[in-house]
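Construct the complete structure from the given sequences, taking the supplied hints into account.
Listed below are the residues making up each chain.
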Amino acid sequence: MSQAGKQRFHLQLHNGVSSILFILVVLCLVSFATLSISSANADSRLTRKLLTRTTSYYSACNAAEDKISKIDSTLLKIYDSSGSQSKYFLKAGKGTSFYISISDTQRLNIELQYLYPEKKSDTFYKILKWQVETETNKMSYNETLPIPD
Amino acid sequence: MKNSRSGLFLIEFLIALLFFSLACAVCIQLFVSSYLLSCNSVNKNHACMWAENVAEIYSASGGDYNSTLTMLSNTEKLSSSDLKAAIPKNLSSFLSSDSQKQSKDFTASLAKNNSDQIFYLYFDKNWNLLHQSKDFSAAYFTLILSDQNISDFSNADLYVYSFRNHSADLLYSLSIKKYHQKTLS
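These protein sequence lines are chains A and B, in that order. For the record, in the first sequence the residue sitting at position 66 is 109 according to my numbering, with numbers rising by one throughout. For the record, in the second sequence the residue sitting at position 8 is 10 according to my numbering, with numbers rising by one throughout.
No lab work stands behind these hints: they were computed from the structure. Quantities reported herein were computed from a predicted structural model and do not represent experimental measurements. You may find that some hints are simply not true.
[Unchecked claim] Straight-line Cα separation of at most 27 Å, BS3-like style, residue types lysine-lysine; simulated pairs:
no.	chain 1	residue 1	chain 2	residue 2
1	A	K137	B	K184
2	A	K137	A	K172
3	A	K92	B	K127
This is the structure we're talking about:
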């Protein structure tokens, strides 16, 4: 039998090898767990923002409907008190526009055109605009890039 | 000499294993909580999207309950009988056992309203719309629209509930108001 065949392979496990291995595995686990929880938290924050934004938008719409109802009642009163179309428009004006705030940077812009009802089932106004606007003047953009020296 | 080295290695291995198990326990908790948080976010996103869809249909139909039903039946290919199918018994018990304030408000509003002014949409666990009333008992989520007419306004309250762990959780709720224009009489 040759000399090489007599040699046996011995796995040498020195003290500290297992600790290093476990530390590496634990570090990997902790990193992935931290990444997953931070990602889930970011998703949750985004969802909360979406829900708040949607609720704010519909609250603004509801407030706008309330305001329109008051305008409509006023127009009816003006119609009853004025005898002619010219007097009606003199008192009421041609139309109105108003804003309802949705958030710090967004608002709902509503524009109404007043109408003079001539026959039955005619209405007192027409909605010309129902639009969400972003107030860009309130926004400050960060136009710098964090380039290290 | 050899025995003492093996013993030392074994002790070190056991201590490392102990710390590893502790770290694993903490990490598994983190993984589970992040999974649950993600699921909750996904469900709330879907709930918000469906509530918005129905709210827009309601607004587009001028706050008219019957037009909303017709429009929903056409777009989602639902029969009006399926839309008016009340919450199945096994799910309604979840709602009544719910201690949340919103649920109490909802049950109160249900009692106030005529049952004709309420409709339901049912979804499976993947947010697919269920079309047949025979499948509704297996629903995971439900959207409820409760409509009321107060003077010149149509008011709709939308609730999206999830049925899990023998309780109903309110995922999202929305109130919509639609003003009926005055006309010359």
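Which numbered conditions among the earlier hints are violated in the structure presented, ordered from lowest to highest?
The structure breaks none of the hints.
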